[in-house]
Amino acid sequence: MFNLFWQTKTNWSIITPALFKAISETLYMVSLTLGLGGLFGLILGCILWSTRKDSLFSHPVFYKILEFLVNLIRPIPFIIFLSAIQPATIAVVGTSLGTNAAIFPMVIFCTMATSRIVEQSLINVDYGIIEASFAMGASRLRTLFQVVIPEVLPPLILGYAFIFIAIMDMSAMAGTIGGGGLGDFAIQYGYNKFNPLITWISVAIILIIVQFVQQFANFLAKKLLRRS
Amino acid sequence: MKKPKNNIVEFKNVSKEFTSKKNRRLAVKDVTLEIGQGEIFGIVGRSGAGKSTLIRLINGLEKADCGQVLVAGQNIVNLNYNGLKQIRKNIGFVFQHFNLFNSKTVYRNIEYPLKIADKSSKISSDDRKSRVLQLLDYVGLKEYANCHPNSLSGGQKQRVGIARALATNPQVLLADEATSALDPETTVEIMKLLKKINREFGITIILITHTISIVRLICQRVAIMSGGEIVEIDTYKNIFFNPKSQAGKSLVSTFRILEGTGAVRV
Ligand SMILES: Nc1ncnc2c1ncn2[C@@H]1O[C@H](COP(=O)(O)OP(=O)(O)OP(=O)(O)O)[C@@H](O)[C@H]1O
Ligand SMILES: [Mg+2]
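Residue numbers (the working numbering), protein chains in the order written: chain V, 1 to 228; chain D, 1 to 266.
In case anyone wonders, no lab produced these hints; they're calculated from the structure.
All C-beta atoms, glycine included, are put in the ideal place defined by N, C-alpha and C.
Accuracy of the hints is not assured; some may be wrong.
Straight-line C-alpha distance at most 25 Å; calculated SDA-like pairs for lysine to any residue [to be verified]:
1) V:Lys223 / D:Tyr144
2) D:Lys63 / V:Lys223
3) D:Lys63 / V:Ala221
4) D:Lys104 / V:Ala221
Here are the in silico distance ranges between beta carbons for each label pair [as the list claims (entries may be wrong)]:
5) V:Phe78 / D:Thr19: 42 to 52 Å
6) V:Pro60 / D:Ser47: 25 to 35 Å
7) V:Val61 / D:Thr19: 12 to 22 Å
8) D:Asp137 / V:Phe219: 30 to 40 Å
9) D:Ser245 / V:Asp54: 26 to 36 Å
10) V:Ala88 / D:Gln86: 40 to 50 Å
11) V:Arg226 / D:Val188: 31 to 41 Å
Computed far set for chain V versus chain D, every beta-carbon distance over 12 Å [to be verified]:
12) Pro77
13) Val93
14) Ser139
15) Lys193
16) Asn195
All chains should be modelled from the sequences, with the hints used to inform the complete structure.
As structure tokens, this is what we get:
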């Protein structure tokens, strides 16, 4: 039976364009999600952190509610969330199928995950520098944007690299609703056609993309950390 | 040494209490105090005596529960943000752990308070630049403008801290254990710098310390705090050789054991 896999003829004239299409779909989904979800997550994370007790805009009740909402959505398996949110996707994107329809739930999920990572990074900020900023007459917003966020940039960058991998994971699942991408490609041409070579090509490409992003993030974070 | 006539900082029956769910703590208890323009004023006392809280009341980092805190004649207790911003421009703060911004260069650290003050006083960016360079030169760190604080020694960091605190040309400089994290030689260097600043610019310096030799070195008057109250105010000599309060006596005997400062002629 195993031998059968290897006897499958790989028709490169069909596979190659499909592969490139899959790569571009993945990059499209992932970069759009990272851009939008990363931005919304940054904002949400800052709101979470700054409304904590004794923080810049301390508001424990507001914080509790927001935290509850984030924690409510985050543990849902993404593939279930994808279908649970279908009505909202149709309302916002106009359709529940295709690449754009896949991006909507990805952005929401990414926002939630990013917010928690941003909040965690901000928690580690030394209160002394916040106090120093206040002592010089800075407002709370200025302190947040010009002191606190720059201070946590290195861990934030690493956090975003982590998020990036999570988005790659989501994008593969998004293939199931016609989102396309490398996940879909691997299932369609690899798994369903008993051609593991195709699956492995997808795996290799995903690994290359992830490694590239991770190494770049490491480099950037290190460079910022070693500021001399 | 007598207190100068004009008061730059004045406390009138000021109290500050911290309350949490579990307990209440009266950190500053009915303090009345006058600090004259151009003085170097020391505050000593045991840990938890309320020293930090007291000086944080001066720039509004803590808000008094009752009483008045006057800075250059203005009661700052009920000021809104814009009022406080003006006051804070006039009060530099130097911290024990420097609290420099590691994400910014030394230059940007010192420029930051100028940028904050910018909107109201319209300093041009050229003026800002020359001001920062002048300050860097003053604290002897001209070559370090583009370094990040991480790469500096403790003494250099505190010099940046002092330059940053002086940037907006304040009348008052608050220093909360500014040399506690530094070695003795560096401590003396920093103290000399503070003394020079006081002499050349007439800036009033209020400093908290756990080291009596610092008081001897630069303070004209010193207050002893205990349990949130000021129990004694006098010159170094009077306090060291003739402490009147219980807290003063116990502090001085401890200082004698630790530092042997008694042997030094004043
Ligand atoms: N933000 C705060 N919340 C609750 N209690 C506080 C707070 N700040 C200070 N306190 C309490 O107020 C009292 C005085 O504290 P403060 O920091 O002024 O003492 P200190 O004399 O500066 O001590 P140290 O020499 O250790 O710095 C202490 O009992 C402290 O626990
Ligand atoms: Mg203290």
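Is 12 to 22 Å a correct range for the gap between the Cβ atoms of V:Val61 and D:Thr19? holds, 19 Å
Range first: 25 to 35 Å. Now tell me if the beta carbons of V:Pro60 and D:Ser47 are that far apart. holds, 30 Å
Run the distance test for D:Lys63 versus V:Lys223: straight-line Cα separation, threshold 25 Å. Violated, at roughly 41 Å.
Indicate whether the distance between the beta carbons of D:Asp137 and V:Phe219 respects the range 30 to 40 Å. holds, 36 Å
Range hint 42 to 52 Å: satisfied by the CB atoms of V:Phe78 and D:Thr19? holds, 45 Å
Taken at face value, is the distance from the CA of V:Ala221 to the CA of D:Lys63 at most 25 Å? It is violated: about 39 Å lies between the C-alpha atoms, which goes past 25 Å.
Distal placement of V:Val93 relative to chain D, Cβ over 12 Å: Correct as stated: the minimum Cβ-Cβ distance to chain D is 38 Å, above 12 Å.
Would V:Lys193 pass as off the interface with chain D, using Cβ distances and a cut of 12 Å? Per Cβ check, V:Lys193 is outside 12 Å of chain D; nearest 52 Å; holds.
Beyond 12 Å from every chain D Cβ - status for V:Asn195: holds, 50 Å
Is the Cα-Cα distance between D:Lys104 and V:Ala221 25 Å or less? holds, 15 Å
Could you see if the CB distance from V:Arg226 to D:Val188 stays within 31 to 41 Å? holds, 32 Å
Using the beta carbons of D:Ser245 and V:Asp54, state whether their distance is inside 26 to 36 Å or not. holds, 35 Å
Of the numbered hints listed earlier, those contradicted by the structure are 2, 3, 14.
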